[in-house]
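J.: Chain order of the listed sequences is A and B. Taking this note's numbering, the leading residue of the first sequence gets 56, the next gets one more, and so forth. Taking this note's numbering, the leading residue of the second sequence gets 56, the next gets one more, and so forth.
In short, the hints are calculated from the structure, not lab data. Predicted model only: the values in this text are computed from it and were never measured. Heads up, some of the hints might be wrong.
Calculated Cβ distances over 10 angstroms to all of chain B for the following chain A residues [stated by the list, open to error]:
{"#": "1", "residue": "Q291"}
{"#": "2", "residue": "I353"}
{"#": "3", "residue": "F462"}
Below, simulated EDC-like cross-link-like pairs (lysine to aspartate or glutamate); rule was C-alpha separation at most 20 angstroms, straight line [to be verified]:
{"#": "4", "chain 1": "B", "residue 1": "K251", "chain 2": "A", "residue 2": "D250"}
{"#": "5", "chain 1": "A", "residue 1": "K134", "chain 2": "B", "residue 2": "E391"}
{"#": "6", "chain 1": "A", "residue 1": "K452", "chain 2": "A", "residue 2": "E439"}
{"#": "7", "chain 1": "B", "residue 1": "K134", "chain 2": "A", "residue 2": "E389"}
{"#": "8", "chain 1": "A", "residue 1": "K436", "chain 2": "A", "residue 2": "D509"}
{"#": "9", "chain 1": "A", "residue 1": "K262", "chain 2": "B", "residue 2": "E391"}
{"#": "10", "chain 1": "B", "residue 1": "K436", "chain 2": "B", "residue 2": "E448"}
{"#": "11", "chain 1": "A", "residue 1": "K251", "chain 2": "B", "residue 2": "D85"}
{"#": "12", "chain 1": "B", "residue 1": "K262", "chain 2": "A", "residue 2": "E391"}
{"#": "13", "chain 1": "B", "residue 1": "K134", "chain 2": "A", "residue 2": "E391"}
{"#": "14", "chain 1": "A", "residue 1": "K134", "chain 2": "B", "residue 2": "E386"}
{"#": "15", "chain 1": "A", "residue 1": "K262", "chain 2": "B", "residue 2": "E389"}
A virtual CB, placed ideally from N, CA and C, is assigned to each residue, including glycine.
Residues per chain are reported as follows:
Number of protein chains: 2
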Amino acid sequence: MWMHELTGRGKGPLYMELYWMLRRDMECGDIRPGERLPSKRELSARLGISVTTVEAAYGQLLAEGYLTARPGSGHYAAKVEYPAPAAQAEPELHERTPAGEQRPGESWLMDLASGTPRAELFPFPVLSRILRRMLSERGERLLQATDHSGAMELRQAIAHSLEEMRGIKVSPRQIVVGAGAEYLYGLIVQLLGRDKIYALEDPGYYKTALIYRKNGVACEYVEVDEKGMSVTGLRQSRARVAHVSPSHQFPGGGTMPFPRRTELLAWAMERPDRYLIEDDYDSEFRFSGRPVPALQSIDAEGRVIYVNTFSKTVAPALRIGYMALPQALLERFERELGFYACTVPATEQYMLSEFIQSGQFQRHVNRVRTYCRGVRDELVKAIEKSQMGPSCEILAKEAGLHFLLRFHTNLSDYEIRERAAEAGIRLLMVSDCRRGANGKGWDRTAVMSYAGIDPAQISEAVERLAASLHDG
Amino acid sequence: MWMHELTGRGKGPLYMELYWMLRRDMECGDIRPGERLPSKRELSARLGISVTTVEAAYGQLLAEGYLTARPGSGHYAAKVEYPAPAAQAEPELHERTPAGEQRPGESWLMDLASGTPRAELFPFPVLSRILRRMLSERGERLLQATDHSGAMELRQAIAHSLEEMRGIKVSPRQIVVGAGAEYLYGLIVQLLGRDKIYALEDPGYYKTALIYRKNGVACEYVEVDEKGMSVTGLRQSRARVAHVSPSHQFPGGGTMPFPRRTELLAWAMERPDRYLIEDDYDSEFRFSGRPVPALQSIDAEGRVIYVNTFSKTVAPALRIGYMALPQALLERFERELGFYACTVPATEQYMLSEFIQSGQFQRHVNRVRTYCRGVRDELVKAIEKSQMGPSCEILAKEAGLHFLLRFHTNLSDYEIRERAAEAGIRLLMVSDCRRGANGKGWDRTAVMSYAGIDPAQISEAVERLAASLHDG
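Excised from the complex, chain A in its bound form (with noise of 0.2 angstroms):
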């Protein structure tokens, strides 16, 4: 089973530490529905713990339903089902749906909690067209596969277009073109190996924490503060990679300040096996102040793997991400992981390669931004012009697809979203995306991710939603 340790150096007490540890372990499956888990004696001695945190533990995770126990035979993984990760999840496609449609937020009326961009902002006509011309064109020359790491002419696109957009320069050798980020993560742990922990942000994306443990990675949650990942906690663990989204972090909303980039820098430079991943993931979506240069940009050390994806610029069913890997991992990539098939069909990839370079990618994202900076400012008005604006406020509204609203309010977390979730609003908490025993400071406050909403929905859902909070 688990082989973790308790570090001992979380904010909370030891017991919540042995919470999480094990709430996370049955969240992702480590621990198997039904399983029996030690005894407390046992598990105590193995980690080296009084019975007293093994006991207060488990004391938290019966009274959630997480464990039940059985009297003489010990303490058994409850057998839920884990609800699917909230964040930013692909809308499902039932059995029963229709082909190629989807119901993103069906039966809610107004879905918070998913952040895929609406359906009518995909640039659908103009990719159309690409794809018909290329298909005269070009002909069978689109079933043929591409080198490994993509086609040269849109890793070439991909190139040009970082250095205009994100000050990053790097050869279009760089760029390894793949399936998607969640693939990306996958190979990147082959390359780095599985022999050493990682550092990921807490509170954080929920899904790169289930990539990296069933990649067979050993995982630390560092703590996010308004800057990000704290370079101190990061300092704390035994982490040689760290994973972080420095120009928009998910979901605290911070965006890296350069003082504490550099200090990002520094911590890796000091040891030639630390590596930092970015996770630059909506990074297009800048409202206001100066864009904020890549961490890529300023590593002079190649330890910065920079990844990126087109499902939130273009479309969740292009399945097409990116990375710039430094050039000394770049040799090693070829040499240990060059046999794989580039998993992008070739298609796509020229489709999205003069997409780019024909400059309508570009306008493409502007006009996106400008529509989701519409839809915040409404979004943002209804909540402060209605009954709940004087007892909340909203913070990070910058930077990315959400922003974040904090409740002055008595009710709890789960009160929150259950209440907002009779009114037909889901919403997603901060205090879900928290993995470890971290992440204080961050309770009472919903991620409104908004890209996918409806605009005109938005005066009765918010008065909805502030009705529903009303006597809290």
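Knowing the structure of chain A, use the given hints to seat chain B on it.
T.: Just chain B, lined up with the frame of chain A:
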């Protein structure tokens, strides 16, 4: 470094088992170029074998250039470029190559080591027609994400075609679509776990071993005879999962007869944690005899994961593979890995789905099969009529896109390959596909992958090959 144990169960001497273990570790990068190896004494102590055995293995590796010795300092892994996997490698697109143009077999008169079918065989006109119609009829729904296991209409089409073509009865829900078989193997490792040993065929497909190892799995290599993986060998291993290709073993070419299939299944059923991965990669290309039922179709207890791909049957750039999961694993898959987004773009999924449902996929496969049989017959006839006809033998030509050519010669495998290369013919030898100390009885045998060759070159190529081997 490495933590393998020698099994001492290979057919050859123990030092050759050590030789292969070290060579594999170097080839897949577990031992890095320039890395210092343990001293003979140290390694002998660590593995519990005699210093003489280590000496003999180091000696062989030194002689072949895998190691270099520095007097007084020890042995180092050579800084060599390991040849790219020749077997069925995707053709590379070089930076200098015009966009979209690949050059399979560039500079070779004939490339018999690459299994990629000729571009002329791709069903481009049909696919292009389907795609154009979809762009008009489906519009922006093409840019919406599908279910995480793939679009239901594609999974229905695959399930239906599996029943018709392979006698496999599964619900569409059991089908998981992903960006190629390579990606799916990684997903299977995440599903079945890294804490068990996987048995691989020896000799076997180069990439399969690399994929499992890079996914952090310990592998044992089990001997293959003309009937496929030896169940006796499998029983002597510590494996819990076996990856087999019963329809058509690569490179051995054998089709596993029914009795051995049931033996394999019996092995799997003896323990609840044993599974078989059925790699059915080119089952569509059987030229004569009764079609052999898939392992999956005779599996009553849900121990077989069936994997296939459309890279061979449609086109290599269409990165679509799929697996059929047994019911019990399906639940685990949904619970533990259901958070992953599908890696195949929606457009490709719908296109392929229409291609299958309209019956055009089946017609296309029939056409390619007829074409390939014609090429095979021509190549076989040319070989038999040539100067080398009397001194060689053709084996395993009734299934799949390669056959074996055994030379009765005094030349070594190395010499055969080098002489052929000088004559402009790229050959892959069965011995190139060996992974462990097994694989005896496969000497002087070339793997003739003919799907990608130009029939117009056959007579010249065979003549040159025969001449180059003449005085051997």
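J.: If a hint holds in the structure, say so; if it does not, say that too.
T.: Cross-check of the supplied hints:
1. The non-interface label for A/Q291 is consistent with chain B: the shortest C-beta to C-beta separation is roughly 27 angstroms, beyond 10 angstroms.
2. Consistency note on A/I353: stated as away from chain B, and its beta-carbon is indeed over 10 angstroms from all of that chain's, at 27 angstroms minimum.
3. Every CB of chain B lies more than 10 angstroms from the CB of A/F462, the least distance being 28 angstroms, so the non-interface label holds.
4. Between B/K251 and A/D250 the alpha-carbon distance is near 17 angstroms, which keeps this suggested pair within the 20 angstroms criterion.
5. Distance restraint check for A/K134 and B/E391: the Cα-Cα separation of roughly 14 angstroms lies within the 20 angstroms cut-off, and the hinted pair is therefore satisfied.
6. Between A/K452 and A/E439, the direct Cα distance comes to roughly 14 angstroms. Compliance with the 20 angstroms bound is thereby established for this hinted pair.
7. The suggested pairing of B/K134 with A/E389 holds, with an alpha-carbon distance near 15 angstroms, which does not exceed 20 angstroms.
8. Proximity of A/K436 to A/D509 is assessed by CA-CA distance (about 15 angstroms); at most 20 angstroms being required, the pair is judged to hold.
9. Simply put, A/K262 and B/E391 have alpha-carbon atoms about 11 angstroms apart, close enough for the 20 angstroms limit, and the pair holds.
10. The straight-line distance between the Cα atoms of B/K436 and B/E448 is roughly 12 angstroms, inside the 20 angstroms bound, and the hint therefore holds.
11. The hinted pair formed by A/K251 and B/D85 meets the criterion: a straight-line CA distance of about 15 angstroms does not exceed 20 angstroms.
12. Among the hinted pairs, B/K262 with A/E391 is consistent with the structure: their alpha-carbon atoms are about 11 angstroms apart, no more than 20 angstroms.
13. At roughly 14 angstroms between alpha-carbon atoms, B/K134 and A/E391 fall within 20 angstroms of each other, so this suggested pair holds.
14. A C-alpha spacing of about 13 angstroms is found between A/K134 and B/E386, which places the hinted pair at or below 20 angstroms, so the restraint holds.
15. For the proposed pair A/K262 and B/E389, the alpha carbon gap of about 14 angstroms is at most 20 angstroms, so the pair holds.
Consistency note: the structure conflicts with none of the earlier hints.
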